[in-house]
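From just these sequences and the hints, can you work out the full model?
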Amino acid sequence: MIKSHPSEGLLQAFVAGELPPALALCVSAHVDMCRLCQRDVQRLEAQQAEYSLEQAPVADQAPLPDELDHMLSAILAMPEAPADSPKASKITKISKHIHWNQQKFLLPRALQQQVNHQPALQAGESWRQLGKLWRGRLAEHDEWRTSFYYIERGGEIPEHTHKGREITLVLSGSFVDGDEVYQEGDFIYRDGSHTHKPGADATEDCLCFTAVEAPLHFTTGATRLLNPLGKLLY
Amino acid sequence: MASASRRISGYTANTVPIVSGLMTSKPENQSTTSADPANDGQRWKDALVEIAETRCRVQYAKLFNHFAPRLKMFALRLCDSNEALALELVQDTMLAVWQKAHLYNASKGAASTWIYTIARNLRYDQLRKASSKADVISAEDLWPVLEAETDDGRSAPDHLVLQLQLEKYYDALSPAQMEVIRKVYLEDKPQQQVADELNIPLGTVKSRIRLAVQKLQDKIEAHHD
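Which chain is which? The protein sequence lines are A and B, in order. Take the first sequence: its position 180, counting from 1, is numbered 180 in this note's numbering, and each next residue is one higher. Numbers given in this note's numbering equal positions in the second sequence, counted from 1, plus 1000.
A few of these clues could be false.
Pairwise CB distance ranges, derived in the manner of DEER restraints [said to hold, decoys possible]:
| # | chain 1 | residue 1 | chain 2 | residue 2 | range |
| --- | --- | --- | --- | --- | --- |
| 1 | B | 1174 | A | 164 | 31 to 41 Å |
| 2 | B | 1105 | A | 161 | 39 to 49 Å |
| 3 | A | 197 | B | 1046 | 50 to 60 Å |
| 4 | A | 101 | B | 1174 | 21 to 31 Å |
| 5 | A | 44 | B | 1179 | 50 to 60 Å |
| 6 | A | 192 | B | 1042 | 41 to 51 Å |
| 7 | B | 1198 | A | 117 | 48 to 58 Å |
From the derived model, a few chain A residues whose C-beta atoms are all more than 10 Å from chain B [what the hints assert, rightly or not]:
| # | residue |
| --- | --- |
| 8 | 40 |
| 9 | 164 |
| 10 | 174 |
Everything labelled a hint here was simulated from the structure, so no lab data went into it. None of these values were measured; they are calculated from a predicted model. Where is the CB? At the ideal position from N, CA and C, for every residue including glycine.
Shown next as structure tokens:
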């Protein structure tokens, strides 16, 4: 049972196309896993489409401006793609899983396409280890980094404060943060004011997907030395 | 529908101007346009279904005439008024509508919602491509510094692993720098207390830390060049 969802405001910004792409990817992946948010997003999309397209102050009878008229010609001049071209069958071969440690995890649809561009990530080969924690980096976008984390049971990330926002989407197992236990599909949103030490549940391993804005700021002991090198970790 | 009989099949490039020219004059558009938005919604649903089933270029041109200028307004807003990006977004969206019309499911929602969602998703793709970068400063290259080198590391608390991994770089520091680093970071003492213990000004503690961290950083980077 998913208990932690993106806020209505976040869903609205997602639907409106206003989120940074890394954050949009997290919301989209959660929506794939969550029937409730699917319903909300469909409702918001219908509203936004009505507002942005149908109610736009555009006269239907006006002739097309030149650039759009040329565009129409160009589109109609494109060769038709046969339905059963080799390219089409290649697309259906997209793998829906990520492999880690001889286990296979089904990914939300939004992540499947992204991961398919990176075979080493998908096969679990490019992952880096840190204690009981492994990280597979997906991408970097401006100030954002997206990664998969595999946390062995009982493993944790050293206590840290965020300089920016951090989104964690639990893909499998249980993720513990303070007194809260999050399960598959939970969407956890943290902003810059939050200090925490998240980790896996003591009884099972955890696979999650994260988007982190700017480097994390570690708060305890020797690991504080890492702060100037914050990029090392995230 | 009347337009079905006007369908152009097996077209060649030189048929195209005829179609788009036909659309700008729009002979029968006036009579079919309805003021009722519900009918209008049904009209575009039917158009999309017909485009999917018969590849009707006339219906597509009508749909384009209606949606492309609206999409352009929306795209300009999303793309911060960057005209080139906005037109690219309109073109990619309307091309997808033409080529993927068979994927539209009329029972799931309005044509405008489907088209809007395609545009929105393509915008996120556009942003993703524009902002993704090869990791120049290379966290990936530096990361091996922080990998546990043996299985021993896995039983140690995570921060201890980090600590051990940094230790091999400590010999880059002068004894004075190391002393400050040890007290501040390993013994977790406030900087003022360290200044008092060592009988040096707080500013000196701060500058030693800054220089020490700079040296560690240089050394770690040199190690992985």
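Do the hints match the structure? See the list:
1. Residue 1174 of chain B and residue 164 of chain A have their C-beta atoms about 35 Å apart, which keeps the hinted 31 to 41 Å range intact.
2. Our hint of 39 to 49 Å for residue 1105 of chain B and residue 161 of chain A holds, since their Cβ atoms are close to 46 Å apart.
3. A hinted range of 50 to 60 Å for the beta carbons of residue 197 of chain A and residue 1046 of chain B is consistent with their spacing of about 57 Å.
4. At about 43 Å, the CB distance of residue 101 of chain A to residue 1174 of chain B disagrees with the hint of 21 to 31 Å.
5. Against the hinted window of 50 to 60 Å, the Cβ-Cβ separation of residue 44 of chain A and residue 1179 of chain B comes to about 59 Å, which satisfies the hint.
6. Checked against the hint of 41 to 51 Å, the pair residue 192 of chain A and residue 1042 of chain B passes, with Cβ atoms roughly 48 Å apart.
7. For residue 1198 of chain B and residue 117 of chain A, the Cβ-Cβ distance of about 53 Å falls inside the hinted range of 48 to 58 Å, so the restraint holds.
8. Residue-level check passed: residue 40 of chain A sits 14 Å from the nearest beta carbon of chain B, beyond 10 Å.
9. Distance check for residue 164 of chain A against chain B: the nearest CB is about 15 Å away, which clears 10 Å, and the non-interface claim stands.
10. The Cβ of residue 174 of chain A lies farther than 10 Å from every Cβ of chain B, with a closest approach of about 18 Å, so its non-interface assignment holds.
Checked against the numbered hints listed earlier, the structure breaks hint 4 alone; every other hint is satisfied.
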